[in-house]
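Chain by chain, the residues run as shown.
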Amino acid sequence: MKTATDLLLTAYAWFCAIAVFLATSLLLGFLLKRGMGVIHPRLFFGDTPWFPALLGTKPVFEGIWPALVGTLALVLVSSVMAIPLGIASGIYLSEYASARVRSMLGFAVDVLSGTPSIVMGLFGFTMILFLRKTALPQARPSLFLAAGCITLLILPYVIRTTQTALEAIPEHIRLLGPSLGLTHWHHVRHVLLPSASRGILSGAILAIGRASEDTAVIMLTGVVARAGLPASLWDKFEALPFRIYTLAAEHRSVQELDQGFGMALVLLLMTGSLFAVASFLQRSLEKRWKTT
Amino acid sequence: MQEHARTRIPANHVQPVRERWIRRSLLIATGISAGAILFIFVLLVYFCLPLVNSGGMSSVLSWQWKPFGGEFGILPMCAGSLFLSVFALGLAFPAAIGICGFATVLAPRSVARSTLVMVHFMTSIPTVIYGFASVFLLVPLVRDWFSTGTGFSFLTAGLSLSLLILPTIVLVFHARLQQIDPALRLAAEAMGLTPVRQFLHVLVPAASKGLVVAAILGFGRAIGDTLISLMLAGNAPRIPDSLFDSIRTLTAHIALVLATDSQSMSYRSVFASGLILFLLMGAVNFLIRRLDRGPGENRYENGH
Amino acid sequence: MTIRGLSVWFSERTVLDRISFTACPGRIVVIVGPSGSGKTTLLRAVNRLNECFPNCRTEGSVELRLNGRDGDIYRDFVPLPDLRRKVGMVFQTPSVLPFSTRKNLAMPLKVTLGLDGARLSERVEWALREVSLWDEVKDRLHADASTLSGGQQQRLCLARVLALEPQILLLDEPTASLDFKATEKIEELLTKLKKRYTILAVSHSLSQTRRLADRVCVLRDGRIVRELDHQHLQDLNEFQRLVEDAF
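Chains as they are written, first to last, in the working numbering: chain H, 31 to 322; chain R, 8 to 311; chain D, 247 to 493.
It should be emphasised that the hints constitute simulated quantities derived from the structure, not laboratory data. Using N, Cα and C, we set each Cβ at its ideal position, and we do this for glycine too. Hints are supplied without guarantee of correctness; some may be wrong.
As the list claims (entries may be wrong) - Reference excerpt, derived from the structure (chain H facing chain R, CB under 10 Å, subset only): (1) E125; (2) L277; (3) L287; (4) A306.
Construct the complete structure from the given sequences, taking the supplied hints into account.
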């Protein structure tokens, strides 16, 4: 028997869901509307023809191509560092560590994951100061430094998902390796890792997504508004999220603003599709274990 | 009930050399990951030390921030961070419970599932996008509707921030709700309770710890966020008098000072801010771990 | 196989209490008993899989004849990985890995025995023929093993074990998750295989026990309360009575 309170609360719940749905759709719709018209090779390359721009032979002034390349380079370098390290740590924590070690190191990893990104950027900044005082007086903000800090930022994602994916493996598969006479490492490598592969992969993809969207870390470790294509690992660079931020704060023309919307849309598409792939993998993994 | 099977190398079994090397290298990898956090902490403290030594602490822990007037107090920023996060939590938390109730008992299954997919998707939206869209959507709205100031205010940032942390709270609490023993849900149904009552009087209490964890995680996310307050809150280093005042958070402070100022004392205030944030998040984590390990929490979870 | 005074504890809880019995090739021994009586633990004691679980303590001896030598496996007369190859186990749920059918079989052969090339393919084919799976899968060896039916997957797991050339087979409710037809096929297989291997099986189904067993051990609360021989199994009613008695 429904009372007035019941109805009120039901209405409230519906209201919450609808409100959030509207807010999100408004946000996305707005971006889509303003950004859609701008998606065009001109957005990326400005007045420079696209082929030489791709090869890097001609500089791009009015387009977002340098920022896009900067982001991609950043993501690549940090992923190459973070993913193997994270998977190895996840394997160790799940399969080799004793309960005490697991708890201690797990806490450290948790604290790492809770560190605000700006503090991570601050850490990078202080690294430069520290290096300048000690080993490397010419230390300066660079793509490599930013990538290193991003590595630390995304490391916990990879470690945690690897650990979870391994721990989700049901008992009869876990016993399979030893029952066939495999040594511990062979068991991890040929039985556990293949079984957890989808979860691990989805964690890696999530980490990549996080690396591509971060702004706070790179703000303090080497990103600038205008730098062209990153010439080397030790130079300053441009990145999409940072460009978006600066354009929101100060844009000099409607054209630049439109560029901002275009960039926002591109970034959203990037993170959105990475997310879709990761959640697809995660769900197919869950389905797999449910049917056994 | 047997514990989760971990394949251990029996004590009397001779490990081939290769096994030992693999074990060692994995340990090193994990050590690097865990050591990083220690290193960060040490570095922050190291750079804060001059503050303590030169008596600059009292200067930094004051209420006035006027760098060119020699005052480097970061307390207004602490207050800013705290108030903003509490406000965002205050908006997001009830809404999150509403959505969880909606998805768990009230909505038809397909609607519930799409809602969760949407919330899940929201977690993938970059913060800078929330900020960017809010600058051009929310700021004019606040400015025109309330006809005060520039639109860059505590309120604007708070609204945007609450939208940012909402998915975190929903997903964490929802996961806990899913872990409740289905038998309990059936029992609630059998008692003849309406869905709303089931949710409020049976499900929520059973997952009460999850509620606290979700709130803490949401709060942590709010405190740690930089871009939303940087882009939307106005960045005035004062304690707010009203919702429409401009404020500055610790996170935005770090970004602003390092991007502009060049006085060394300003730098010191930044390290102090960083350390405060770091310790705060450490405490948050510790709290959550404590809660997760508490006794009796598993009573309602699957398998018992 | 001779088991003498075998006791197993998990964290101070006694799961098996001074178990003793013998088994030999040519006879299938089926272990039955109520839930929690320690049947699976007994099985796992023979390939020392209990040690994979935390806080396990084992006392007593399990003597096997492996490679022509006799010895107590708990005194390490063979290295553990070798032991587990000689004593093969099949689990209740088909534990098929996310590879092709062929790779599921080939992986342990390659990794533990170092087989390769032609010898590997020979062994794979031989094992699949042994479980009557060859004709069914020979055209889709490279398809993912999850596309096989439950019964086929379980036979694949059996083939995987046989490929390692064991001497003893441990079967933990091998047909529990299978339908009637698949169960029939596997029971036929086991009856054929018993001549060459010592088979120790756990079963939840009394009718299956009657069909397969040459000897039955009834376990309750970690102890053997009854051992039944072939003649007891002839008459259905007497069998049921004896077993229910023991339960």
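| query | Hint by hint, which ones does the structure fall short of? | reply | none
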